[in-house]
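Enquirer: Sequence:
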Amino acid sequence: MKLCGFEVGLNQPFFLIAGPCVIESEQLALDTAGYLKELTTALNIPFIYKSSFDKANRSSHESFRGLGVEKGLEILEKVKKQIGVPVLTDVHEDTPLAEVASVVDVMQTPAFLCRQTNFIQQVASQGIPVNIKKGQFLAPWDMVHVTNKAKATGNQQIMVCERGVSFGYNNLVSDMRSLAVMRDTDCPVVFDATHSVQLPGGQGTSSGGQREFVPVLARAAVAVGIAGLFMETHPNPAEAKSDGPNSWPLHRMQELLEVLLTIDRAVKAQPLIETTL
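Read in the numbering used here, the sequence shown has 530 at position 162, and its numbers run on one by one without any break.
Be aware that one or more of the hints could be misleading.
Calculated pairs, DSS-like style, for lysine-lysine (alpha carbon to alpha carbon, straight line, at most 27 Å) [unchecked claim]:
| no. | residue 1 | residue 2 |
| --- | --- | --- |
| 1 | Lys636 | Lys446 |
| 2 | Lys423 | Lys519 |
| 3 | Lys405 | Lys446 |
| 4 | Lys439 | Lys449 |
| 5 | Lys448 | Lys423 |
| 6 | Lys636 | Lys609 |
| 7 | Lys370 | Lys636 |
| 8 | Lys449 | Lys423 |
| 9 | Lys370 | Lys609 |
| 10 | Lys405 | Lys609 |
| 11 | Lys405 | Lys423 |
| 12 | Lys446 | Lys423 |
| 13 | Lys405 | Lys519 |
| 14 | Lys448 | Lys636 |
| 15 | Lys448 | Lys405 |
| 16 | Lys449 | Lys636 |
| 17 | Lys370 | Lys405 |
| 18 | Lys370 | Lys449 |
| 19 | Lys517 | Lys370 |
| 20 | Lys423 | Lys609 |
| 21 | Lys370 | Lys448 |
| 22 | Lys517 | Lys449 |
| 23 | Lys609 | Lys448 |
| 24 | Lys439 | Lys636 |
| 25 | Lys449 | Lys405 |
| 26 | Lys423 | Lys439 |
Pair ranges (Cβ atoms, derived) [to be verified]:
| no. | residue 1 | residue 2 | range |
| --- | --- | --- | --- |
| 27 | Val512 | Leu640 | 17 to 27 Å |
| 28 | His619 | Ser493 | 33 to 43 Å |
| 29 | Arg545 | Met369 | 31 to 41 Å |
| 30 | Met544 | Pro639 | 16 to 26 Å |
| 31 | Leu640 | Asp543 | 11 to 21 Å |
| 32 | Gln484 | Tyr537 | 18 to 28 Å |
| 33 | Glu445 | Phe480 | 23 to 33 Å |
| 34 | Met369 | Lys405 | 16 to 26 Å |
| 35 | Gly436 | Asp399 | 32 to 42 Å |
| 36 | Arg633 | Met544 | 12 to 22 Å |
| 37 | Ala520 | Ala634 | 33 to 43 Å |
| 38 | Glu375 | Ala520 | 19 to 29 Å |
| 39 | Lys370 | Val471 | 28 to 38 Å |
These are calculated hints, taken from the structure and not from any lab test.
Just so you know, even glycine gets a beta-carbon here, dropped at the ideal spot from N, CA and C.
Sequences and hints are given; from them, build the entire structure.
Expert: This is the structure in structure tokens:
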């Protein structure tokens, strides 16, 4: 599949979707995107910048949700034009989809909404690439039904994203088998290394996280074999307005990506070992 001008798949180097969880300011967006573009260009990693204009599923109604559609799209358009990178943002049921699709290169559907047929098809109907996050409550083999809904609109540029599965209260676990299972969707498989270490609602009015395990899960996922990697990153995670506890520090992206590239090259230099049961 071709995505934002580059080929993606298990026979290609992994691509990276990265950026702060939420758009906090224009300057932060431009600075972060600029740093990531320079880094990924040097490492020869295809890169898509991500950030959200509205986080509609925050734990508390008092939590910061974002700058809204109008201001958010204005900033994403500046990132796209001034930094020269494709951009991704997530959308919700009340999002003006056509307006968003006219600016961004990829739309992302939240994990909580992956079973909403009308929503999935409305997003896919916009005709641009879609990254569908697997719900924390959904078996990986059930994602084929979700992607079939999206593809029924005629849009074949669909990706699936693993972000962990509920493991008791306020906890997630990553089943690496799901990365192989979701290949049956015939869609590029992306691993979300930062939301997978989230502790949903773990801080009462907000989610906690264990960012120290981001490298552990990222290395494991790349070793399985994935098309893309999703990571939320922030210059100062402790001050991030959303998902700080599970965001990876921006200044440590290079060391992690270099390790992941080494694993990715080793894995993709060999044929996949498939087992038919």
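Enquirer: Hint by hint, work out which the structure violates, then give me just those numbers in ascending order.
Expert: Violated hints (numbers, rising): 1, 6, 9, 13, 14, 16, 22, 24, 29, 35, 39; every other hint is consistent with the structure.
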